[in-house]
Amino acid sequence: MTQTTSAHHQGGTAPPAARFDAVVRAAVGQGLLGEGGPVAGFIDTEGVRASVGALHDAFAATPEVLHTFAAKACSLVPVLRLLADCGMGCEVASPGELRLAVEAGFAASRVVLDSPAKTREEIRLALALGVAVNADSLDELRRIDALRNPGTASVLGLRVNPQVGGGSIGPMSTATDTSKFGVALRDPGAREAIVKAFRERPWLTRLHTHVGSQGCPLELIADGVARTYELAEEINATLGVRRVTSLDIGGGLPVNFTDETVRPGYADYVAALTAAAPGLFSGRYSLVTEFGRSLLAKNGFIGARVEYTKDAGGRRIALTHAGAQTATRTVLMPDAWPLRIGAFGPDGTPKTGPSLAQDIAGPCCFAGDVVAYGRELPELAEDDVVVLYDTGAYYFSTPWAYNSLPRPAVYGFRAVAGPEDGSGHDGPVTFTTVRDAQSLDDIAAESGLAHADALIQRDG
1 MTQTTSAHHQ
11 GGTAPPAARF
21 DAVVRAAVGQ
31 GLLGEGGPVA
41 GFIDTEGVRA
51 SVGALHDAFA
61 ATPEVLHTFA
71 AKACSLVPVL
81 RLLADCGMGC
91 EVASPGELRL
101 AVEAGFAASR
111 VVLDSPAKTR
121 EEIRLALALG
131 VAVNADSLDE
141 LRRIDALRNP
151 GTASVLGLRV
161 NPQVGGGSIG
171 PMSTATDTSK
181 FGVALRDPGA
191 REAIVKAFRE
201 RPWLTRLHTH
211 VGSQGCPLEL
221 IADGVARTYE
231 LAEEINATLG
241 VRRVTSLDIG
251 GGLPVNFTDE
261 TVRPGYADYV
271 AALTAAAPGL
281 FSGRYSLVTE
291 FGRSLLAKNG
301 FIGARVEYTK
311 DAGGRRIALT
321 HAGAQTATRT
331 VLMPDAWPLR
341 IGAFGPDGTP
351 KTGPSLAQDI
361 AGPCCFAGDV
371 VAYGRELPEL
381 AEDDVVVLYD
391 TGAYYFSTPW
401 AYNSLPRPAV
411 YGFRAVAGPE
421 DGSGHDGPVT
431 FTTVRDAQSL
441 DDIAAESGLA
451 HADALIQRDG
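Under this note's numbering, read the sequence shown as residues 1 to 460, first letter to last.
Rather than coming from a laboratory, the hints here were simulated on the basis of the structure. All the pointers check out, no bait thrown in.
Computed cross-link-like contacts, EDC-like style, restricted to lysine to aspartate or glutamate with a CA-CA straight-line distance of at most 20 Å: (1) K351 <-> D383; (2) K180 <-> D139; (3) K310 <-> D383; (4) K196 <-> E233; (5) K351 <-> E379; (6) K72 <-> E103; (7) K351 <-> E307; (8) K180 <-> E140; (9) K310 <-> E382; (10) K310 <-> E376; (11) K196 <-> D145; (12) K310 <-> D359; (13) K196 <-> E234; (14) K310 <-> E379.
Label-pair ranges, simulated between beta-carbon atoms: (15) G31 <-> G53: 28 to 36 Å; (16) P188 <-> H451: 46 to 54 Å; (17) L440 <-> R81: 26 to 34 Å; (18) P278 <-> T238: 19 to 27 Å; (19) A357 <-> R458: 53 to 61 Å; (20) L449 <-> G353: 42 to 50 Å; (21) T261 <-> Q30: 29 to 37 Å; (22) A153 <-> A357: 55 to 63 Å; (23) A357 <-> P188: 52 to 60 Å; (24) G31 <-> A117: 41 to 49 Å.
All C-beta atoms, glycine included, are put in the ideal place defined by N, C-alpha and C.
Hey, can you work out the whole structure from these sequences and the hints?
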């Protein structure tokens, strides 16, 4: 079986999805997918390591850079610990994500807190731990003024919105004129207010920006970074001192969901940044990145059992256990987040035969819970398995609790390549549990079971 380690190193082309065939077969054979586990997520540990390696390689000539992983893209402690072991830092956007980063073992100096709605308590904790904090507004800077201990080790920055426009997916574009994130750089008086904020705060040493992710072309992302770089140069020139010493340029490298290829790659990203802001890599500023989806998407998949098939109005429908609860974005925004689907038999081997247009639906109790419409696949039947590719980020790690459906189990895997003698046999696949499937007892407890009588009025 071809290893994912080659996915980001051979001309930007990933191996075919067949690299997961042996994993699906092994998961079925070991009972991880089937009657007792009708849906599960799978993450390729060696693939993750390869993706991180490709990121570091692309920035190898950069004098000082901290690559952080956006915890929201896969908020699972074992995955975060794997990334820490690969040399990544961690970007967090909530108290929960900060706790996960701490539990995963990231050093405080390698953690960055971003959020547009930080509470005072959240800021106090971050400053006490010494994690970096990017203020999202001038009002938040004033809050930090009151809470900051001069002895804190936290690097403190300000997020700006370069207002360079949006990409093809509006909700994923964070540099539009009216984005909720950062200080709107082109609004009247904003630039002067930002310079003034840095003049009044010698401890404010970082600028942060993030243009968006999926649907945003590299040129748009690079333009936003370039405008932030120009602002840093202006601040330092105006103040006559090197006040801004680091730039957090965010992440947001889009993922290609339409086929196997990994495009754009991290080297493409660096080339675009170099063209837009040639001085960015000069060493005058240390850099921080915040990649998430691009590191994990193609290194994971969801496997789900087909429970029933039916025909309705001339359409074939396969009802599976992977729907809106674990593929939320795809179900709610199918045009923006299409997924490739694989069809496997009950034994986990790829299905063959004539293609049939089929809807791949999920278990949620609303009509729109469909992962793919009219997809041409070998005819699916009860007990078959479908695979949703490119779902290593966001999908199975952050499920939706609709219908009180249980959170699926997640497994990491390593696959040993088979002999290169043309026999076609794959090597062994080993699994390790990343997250147990949620039990019905867990669901009941989470739903307030301990307080079951809280709303019943009792006399006397």
